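Visitor: Dock chain L against chain X, hints included.
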Amino acid sequence: MTIDYTDSAAELEQALASLTAGPGTDGASNGLWLKALEQAGPADATRSRPLWTRKLPTVWLAVAAGLVVMVLLVGVMLPSMSKARASSRSSARNEPVNGWTTNTPAFDAPALSTAPDSLAASDQARSVDGRVRRMGIDPPAPVPGAPAMSAPSAARSTDRFVIRKSTLDLTTTEGVRGAFAKAGLVVSEALGEYIENSSLTGEGPTAYATLTLRITSTRLSEALNQFRALGTVVTEAATGQDVTDTAVDLDARIRNEQRIEKELLALIDKRPDTPLKDLMEIRAQLTGVRGQIESLIGQRERLGRMVSLATVLVTIRPADAAAPEAAQPAGIGEYFKASVESSWRTSVQALVDTAAFFIRVIVGGIIWWALAAVSFTVALRAYRRSKSHKAAEPVPVG
Amino acid sequence: MPDPDRPTDEQLLARFADGDRAALGELANRHEDNLVGLATGLLGGQRDLAQDAVQESWVRVIKYAGSFRGQSSFKTWMFRIVINRCRDARERGATSAQISAAAKLPVESTAVAESPLRLVNGKSDDDVSAAVQGLQAHTRLLLLLCYHRGMTHPQAAEVMGIPVGTLKSRLNAALNELRSELQRTRKERDTRKAAL
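Residue numbers (this note's numbering), protein chains in the order written: chain X, 1 to 398; chain L, 399 to 594.
One chain only, chain X, in its complex shape:
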């Protein structure tokens, strides 16, 4: 006879219960726990074992290895990343510089009045234009001496006003004097270029020449190539200072002052019966405005010159100039003392470098550390969740 479990719930439940019925030892165990105890060894063995003899969990070894790799990666990547950032800044603001370093200190900007940021400057410029048009007054003519570019168009344009400065340190085998003369010939006076400063000192191996040249920005690359041909380049550096915001701001302020000047003049013209006292007041204000316009135009012209003419500093030395040699210590005692001092300096330097390295790794790589920490936390939680889902045991299981 076959039981129809689909009809009898009680029998089905009984059948299910029978599937998990134990061996029936009546309260006595099967002794599996004793076998487990033998298999596991003394319960306290792991706890009483010295730390250095305990087997490290694989996961901790993996974490330690990951940390070491992370430190090395961050340590290696940080300098190259900062180089990349410097390079990207350089390429954004300068001409292509063929791998020049850009570690020269920033070139001082001309002493200009306060320069608001570009957004404020362009807003001001637009606002002035708008007001001028609403008042029915034509916008003033382009500012003399300034590049032919109105403020709004400057704000919209991708052209930048950049003050450039380059330095070249050269050594030559053909005589410093000759190289010095040739360097002076690179300047094209027809284009407005000139030698701002030059000096030549010493003779033979102690000869030393420096030149400060103002070269047209458009011709800077060509001039630099000519300088490079004068000898061997020891160091080369270039900087660029973006003054677009300052230029736009100056243009806007000039136009604003010119508008005020026009309004004051119109006031005088339209009111011929103005009392003398008022007229004198207006004229005094007009004088102030004109002085302000002159000052601003002067600043703008100077800025234009700084932009249009790049500054190149060239130093020339003879290639065979002997490097200053360290004095050799006399006697074995002196030699020993010098060696100890040298070793001490080296070890201290190494210690400082190591500390600097770790500080750089920790501080500089804070983003990576944060990412790693977040990833590790997420992975750990996922691991624990999967374990709890799978095992739901309150202890770690292998």
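Please keep in mind that the hints were generated in silico from the structure rather than gathered at the bench.
Be aware that a few hints might be false.
DSSO-like mimics (lysine-lysine), calculated; alpha carbons at most 30 Å apart, straight line [stated by the list, open to error]:
1. X:LYS35 with L:LYS461
2. L:LYS473 with L:LYS461
3. L:LYS473 with L:LYS566
4. L:LYS566 with X:LYS35
5. L:LYS585 with L:LYS566
6. X:LYS277 with X:LYS262
Source: prediction; values computed, not measured.
Guide: For chain L alone, kept in the frame of chain X given last:
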């Protein structure tokens, strides 16, 4: 009614963690039979494999007794360990052939003395065993756990990590699934018999 002088499972485990071996023996006396029974059901009736799984579970209990935090009762903790060991044993695949062979015993086969297949009202419950082993793992676990001797629904829910209400609804669905499976098996057998 529980004896107030009788130590709880958790107290026994704490005592074992402090070095009292006899406490583990007392725990084994209380639970080992049930654990072997559940493991047997989960492993398709393979008693030897079930005993291995329970023994491995005891090893884990011994290893982690000191870190038991009491977030669940000892019983549910132990059941979870056994369930995991049984799952591992199934996943290892070494025994899969044996398990499936045991699960798919022909209905007409004779149940030997060591077989877990018991008699219900004097009749073989091979059908139920085969149908249960044919279910999905979580459904199988649910059915075996809920109808395991001495296991209450709240305890089963705690072992599975789900609310009691969810457990009951899933149990209802699992029973329906099992009935369908049994019906299908019965039809197939009837067809086979008719063909003979």
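Visitor: It remains to establish, for every hint, whether it holds in the given structure.
Guide: Checked hints:
{"no.": "1", "hint": "X:LYS35 with L:LYS461", "in the structure": "holds, 14 Å"}
{"no.": "2", "hint": "L:LYS473 with L:LYS461", "in the structure": "holds, 17 Å"}
{"no.": "3", "hint": "L:LYS473 with L:LYS566", "in the structure": "holds, 20 Å"}
{"no.": "4", "hint": "L:LYS566 with X:LYS35", "in the structure": "violated, 37 Å"}
{"no.": "5", "hint": "L:LYS585 with L:LYS566", "in the structure": "holds, 29 Å"}
{"no.": "6", "hint": "X:LYS277 with X:LYS262", "in the structure": "holds, 20 Å"}
Consistency with the previously given hints fails for number 4 only.
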